[in-house]
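Now for the letters of each chain:
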Amino acid sequence: MKRLAAMLFVALSACALHAQGAVAQMEEDLIPPDRSFVSPERFGFEFHLGPYHPDFDGEDTFDRFFSDDSGLLVALELDVIGYRMQDTFYLGGGGGIGWAKFSGNTIDDAGEATSEETELEIVPLNVIGVFRLDALPRRWGVPFIFTGKLGYQWMYWTTESGGSDEANGWSLGLLWAGQVALDLDTFEPSAARRMDEEWGINHSFLFFEISGFEPNSDSLPLGDTSWSVGLGFIM
Amino acid sequence: MTLPRAMATSLKTLALAAGALVLAALAPAAASAQSITVTINSIDGEAVNTLGEYRLGLQDCLDDVELEFELMGVPSDKSTIDVYEGNNCNDPSRDSDDTDTCDYLTSFETQESTELIVTLNASVLGCMEGTSQQPTLWFLAVDSSESGEEVGQRYGTFEIEVDASAPNAPTDVEGGTGENQIPVEWETSDSDLDSFIIYIDSSPTDGDAGIGCGSSVLVEGQPPPSGGVTTKTINEANATSANLRPSDLDGTRAAVAVVAVDDAGNESPLSNISCVEIVPTTSFWEDYQSDPNAVDGGCPCAAVGPVHVENGWPILLALCALGLRRRRARAATEDVR
Chain A
1 MKRLAAMLFV ALSACALHAQ GAVAQMEEDL IPPDRSFVSP ERFGFEFHLG PYHPDFDGED
61 TFDRFFSDDS GLLVALELDV IGYRMQDTFY LGGGGGIGWA KFSGNTIDDA GEATSEETEL
121 EIVPLNVIGV FRLDALPRRW GVPFIFTGKL GYQWMYWTTE SGGSDEANGW SLGLLWAGQV
181 ALDLDTFEPS AARRMDEEWG INHSFLFFEI SGFEPNSDSL PLGDTSWSVG LGFIM
Chain B
1 MTLPRAMATS LKTLALAAGA LVLAALAPAA ASAQSITVTI NSIDGEAVNT LGEYRLGLQD
61 CLDDVELEFE LMGVPSDKST IDVYEGNNCN DPSRDSDDTD TCDYLTSFET QESTELIVTL
121 NASVLGCMEG TSQQPTLWFL AVDSSESGEE VGQRYGTFEI EVDASAPNAP TDVEGGTGEN
181 QIPVEWETSD SDLDSFIIYI DSSPTDGDAG IGCGSSVLVE GQPPPSGGVT TKTINEANAT
241 SANLRPSDLD GTRAAVAVVA VDDAGNESPL SNISCVEIVP TTSFWEDYQS DPNAVDGGCP
301 CAAVGPVHVE NGWPILLALC ALGLRRRRAR AATEDVR
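Chains A and B supply the protein sequences, listed in that same order.
If you read the first sequence in our numbering, its first letter stands for residue 1, the second for the next number, and so on.
If you read the second sequence in our numbering, its first letter stands for residue 1, the second for the next number, and so on.
For reference, chain A alone in the conformation it holds in the complex (with noise of 0.2 Å):
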């Protein structure tokens, strides 16, 4: 009798133990056989969101029509890295649209504000080279990238007054760019693989951007030094 319990033992042993090794096995075909896949890096994209002053040359005409009017300007900038050197710096050009509306009253003969509205709207279009350096979050772990921009600008802007268009034209000149981003795959260098393998975000950061946008003389003035934040993608 207990050798019949011995032998039963046994087999029950056996049995489980192969068992487990098959689950072992299934397991293992589950994790993926290259977790250090890195897609190609071809586009950078931004997402910029910031307020926009035109400052007329110091004149306030602007301010006498829209001065409660930051007049929010959302942007969007796709650039094609043209030379990557690995874990150090991007060099690419690209371009962006944006857009903004500032809203005010007309002024009667004593200079006080109607009822009636005159409005002001902007659609700045730009081609822009980018260097981005980005050496010190690849290699140091310290997560900043910092990013220079120079380009050139076609800002259409439209003006209307009592619900008829008034006049419309381009802007155009020099804009610049200086931008500090704070890298996110720092922070989540997991999460940042998951991006890249599913979606092919290969790194994505949160920028702080000031700009500058210069017409030529020729041009209604709508230059400013402006700032704005926003979301970037190198995809």
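Worth double-checking, as some hints may not be accurate.
[Unchecked claim] Have a look at the derived ranges for each label pair, beta carbon to beta carbon: (1) A:Ser103 x B:Glu187: 18 to 28 Å; (2) B:Ser191 x A:Gly111: 34 to 44 Å; (3) A:Gly111 x B:Thr171: 27 to 37 Å; (4) A:Asp63 x B:Glu46: 49 to 59 Å; (5) B:Ser216 x A:Thr225: 54 to 64 Å; (6) B:Ser216 x A:Asp63: 36 to 46 Å; (7) A:Pro51 x B:Gly227: 48 to 58 Å; (8) B:Thr171 x A:Gly178: 50 to 60 Å; (9) A:Ser103 x B:Ser290: 43 to 53 Å; (10) B:Asp291 x A:Val180: 36 to 46 Å; (11) A:Ser103 x B:Ser189: 21 to 31 Å.
It should be emphasised that the hints constitute simulated quantities derived from the structure, not laboratory data.
Remember, predicted model here, so these are calculated numbers, not experimental data.
Ideal Cβ placement from N, Cα and C applies to all residues, glycine included.
Given chain A, work out where chain B should sit, using these hints.
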């Protein structure tokens, strides 16, 4: 296991009684089977939308608008359709003199067809000002072989939505000033509104723009005047402002009041009276042009000329060069692979 005989007999009796009760409950329902389908086609010649959404207003009753119904499934062996308004008008035991619950409205000949178009006038519904009602119309088929007595088994019903209650007048109406666009703003508290009507009296009696303003024809809280004013309709249910044009005014000043119109066409009383005024204004663009430092007294940059664009060519060329270089590098990498 067996039940005592007495208990088994009792259970059987109970089962029979329950069955009888169920049959009794079902019988009246079968007797009052509704077989005529009634839909509303149009109100005063205007087609009701495909969803059958409509509401009659007080003015519909006063104007005695025509309601056209389509009846489907009218029995061909009946010769007349009697129309009642009330409750349980299909009940055969109903007293024909019981006018408290069922009012006879009219009758129609069926003309040996299972479809019938009938037209009623809204005034027969007896709309009461200030109330909302949902009277039910009953279309009863009358058996010609029984001397015009209603059978009660072949009928159709239709519930009419009558809203004879006027919406609240808009409040805090405030007129503005402008040269090409003179705003009027207001507030509302009703949710079933359809549009607004601005009443404009171009001969105000006193008051300054945006403050109190008198009018000999516009009186707050009273019905709108039938003449002596011009009107502008704003066909937007949620509107809280509108802009008048100088052409809407006969002169440079006017008193205005706003009336709300609900989706049954009922009009509210007049709102408070305010003033609008046409004044010369200076816009942003006019102001910029008058600035001595303005670019050539205007803006020659209104069109993109080659002089301006060529400043950007170096950057465009640089970008193209970068793109080409990247493309070549990628092609070389693929060749190596």
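Verification of the supplied hints:
1. The given range of 18 to 28 Å is respected by A:Ser103 and B:Glu187, whose C-beta atoms sit roughly 21 Å from each other.
2. Checking the proposed 34 to 44 Å range against B:Ser191 and A:Gly111 shows it holds: the Cβ atoms sit about 42 Å from each other.
3. Distance hint check: the CB atoms of A:Gly111 and B:Thr171 are about 32 Å apart, consistent with the given range 27 to 37 Å.
4. The given range of 49 to 59 Å is respected by A:Asp63 and B:Glu46, whose C-beta atoms sit roughly 54 Å from each other.
5. In this structure the hint that B:Ser216 and A:Thr225 lie 54 to 64 Å apart at CB holds, the actual value being about 58 Å.
6. At roughly 44 Å, the beta-carbon separation of B:Ser216 and A:Asp63 lies within the given 36 to 46 Å, and the hint holds.
7. One distance hint, 48 to 58 Å for the beta-carbon pair A:Pro51 and B:Gly227, holds here, with the actual separation near 53 Å.
8. Between B:Thr171 and A:Gly178 the beta carbon distance is about 53 Å. The supplied range of 50 to 60 Å therefore holds.
9. Between A:Ser103 and B:Ser290 the CB atoms are about 21 Å apart, so this pair departs from the stated range of 43 to 53 Å.
10. Distance hint check: the CB atoms of B:Asp291 and A:Val180 are about 37 Å apart, consistent with the given range 36 to 46 Å.
11. The given range of 21 to 31 Å is respected by A:Ser103 and B:Ser189, whose C-beta atoms sit roughly 27 Å from each other.
Hint compliance for this structure: hint 9 alone is broken.
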